[in-house]
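Top to bottom, those sequences are chains W and A.
When we follow numbering that gives the first Met the number 0, the leftmost residue of the first sequence carries the number 0, and every step to the right adds one.
When we follow numbering that gives the first Met the number 0, the leftmost residue of the second sequence carries the number 0, and every step to the right adds one.
None of these hints come from the bench; they were simulated from the model.
Think of the CB as a built atom: it goes at the ideal place given N, C-alpha and C, for glycine as much as any other residue.
Possibly wrong hints are sitting among the right ones.
[Said to hold, decoys possible] Quick look at which bits of chain A chain W covers, simulated, 3 or more residues with Cβ under 8 Å:
| no. | stretch |
| --- | --- |
| 1 | 17–27 |
| 2 | 30–41 |
| 3 | 49–55 |
[As the list claims (entries may be wrong)] Here are the simulated DMTMM-like cross-link-like pairs (lysine to aspartate or glutamate), alpha carbons at most 25 Å apart as the crow flies:
| no. | chain 1 | residue 1 | chain 2 | residue 2 |
| --- | --- | --- | --- | --- |
| 4 | A | Lys50 | A | Glu19 |
| 5 | A | Lys22 | W | Asp4 |
| 6 | W | Lys223 | A | Glu19 |
| 7 | W | Lys6 | A | Glu42 |
[Said to hold, decoys possible] Residues from chain W that face chain A, not an exhaustive set, calculated with beta carbons under 10 Å:
| no. | residue |
| --- | --- |
| 8 | Asn1 |
| 9 | Arg80 |
| 10 | Thr135 |
| 11 | Leu140 |
| 12 | Phe144 |
| 13 | Gly147 |
| 14 | Lys178 |
| 15 | Val196 |
| 16 | Cys211 |
| 17 | Leu239 |
| 18 | Gly282 |
| 19 | Gln293 |
| 20 | Asp297 |
| 21 | Lys341 |
Okay, here's what each chain looks like letter by letter:
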Amino acid sequence: MNLSDSKKKLALAGVICGLVAACLAFMGNPANMAFCIACFIRDTAGALGMHQAEVVQYARPEIIGLVLGAFIISIATKEYRSTGGSSPMVRFVLGMIIVIGSLVFLGCPLRMVIRMSAGDLNAWVALIGFILGVATGVFALKKGFSLGRAHAVNKVGGTMFPVIMVGILIMAMIPSLLKASEAGPGSMHAPIIASLVCGLVFGAVAQKSRMCFAGSIRDIILMKNFDLFSVIAGLFVVMLVFNLATSRFVLGFNTPGIIAHSDHLWNILGMYTVGFAATLAGGCPLRQLILAGQGSSDSAVTVMGMFVGAALCHNLGLAASGTAMNAETQEVVAGAVPPHGKVACIICIIVCFVIAFTSKRDENKN
Amino acid sequence: MKEVDARGLSCPEPLMLTAEALKGASGPVKILVTEPYQKMNVEKYARDHGKKSTASEKDGYFEVVIE
């Protein structure tokens, strides 16, 4: 089974993933969040007690399903490879940076596309930053950027991350063991089984189609190749139809209740950070989870960095707040990025530049 | 035969190295990659640029010869 050898198949993969995301939104996930890797990693980190923000704590079965879906399909189709050793600590830091940028914007690239399909103009503004971030990463690649070679490692190494995901799933089944939000976005979710099945399907399709949001823009800039973009386009169209059909499409800025803010500069810079770091890491947050599922310890380390970054965001007050309606006064309270979040975002961009222009491909040493 | 060893490198490095090698090549080019999707990417790149490719699996990696 190969979903990546024609644009039509890739677009079909995007349509399937769009349907999965639409189902999740329909069954209870926050509407324009549906399936957000950064938000769901943040929620899972909260469920494990890594941060104490009570409204965003829930072990999201979608994340577990994604990794296990990629793991199972890669074994079934002989694509599983246990590898590691390509600058793991740099990847850990890039994982932290990706999630910090995501939580300044309020969403990963997948959610950015989902928000765009729901009429959220803030996400369209953020797309500018994302494209510029990927373009900066491409510039570094052209200048010889590389994190070095990964090597085959002990077969058990590649299974560790999927096993951790199974462990979280088992813990989530034990009543009161993990934290679970009673209000806020963390309390809004589809039934566990549905979330898990959707995650498994999404993970399997994403593995076979090589779906990657940073990769799609990167390939257009670098090679004028629109293959990966077809997947994203398929997903966008399905979500757009779903949002229009269910009256979830609201065109505008500063829309209360959709977990987004209209701090334009920081929407741009947040997604610039994500695009830049994801290009350096070799893939967006979704792709990192998929690669971790198919045996890459390097991507697993990147995802662990995302967990730690997500926890830091809430422990240190870096994450943005969404525009909301004051229940008593019925006034719209604009969401914003806190000062610590702005400083963190700038630091992340500087770190990306340092990594990008100091890590060079060396044919002799790599 | 010109050889590009892209084993273990992250995307898009194998394709970038392939493109670079093909630019200055007068004969066949041998590309070594680790992951099955990278092998497919290299084959597709060759096909898109009107070239024939032959892939074979070696011990833990793939060898793609582009002619």
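The hints, checked one at a time:
| no. | hint | result |
| --- | --- | --- |
| 1 | 17–27 | violated (count 1) |
| 2 | 30–41 | holds (count 5) |
| 3 | 49–55 | violated (count 0) |
| 4 | A:Lys50 to A:Glu19 | holds, 15 Å |
| 5 | A:Lys22 to W:Asp4 | holds, 24 Å |
| 6 | W:Lys223 to A:Glu19 | holds, 15 Å |
| 7 | W:Lys6 to A:Glu42 | holds, 15 Å |
| 8 | Asn1 | holds, 7 Å |
| 9 | Arg80 | holds, 6 Å |
| 10 | Thr135 | violated, 15 Å |
| 11 | Leu140 | holds, 7 Å |
| 12 | Phe144 | holds, 9 Å |
| 13 | Gly147 | holds, 8 Å |
| 14 | Lys178 | violated, 35 Å |
| 15 | Val196 | violated, 25 Å |
| 16 | Cys211 | holds, 8 Å |
| 17 | Leu239 | violated, 28 Å |
| 18 | Gly282 | holds, 7 Å |
| 19 | Gln293 | holds, 9 Å |
| 20 | Asp297 | holds, 8 Å |
| 21 | Lys341 | violated, 30 Å |
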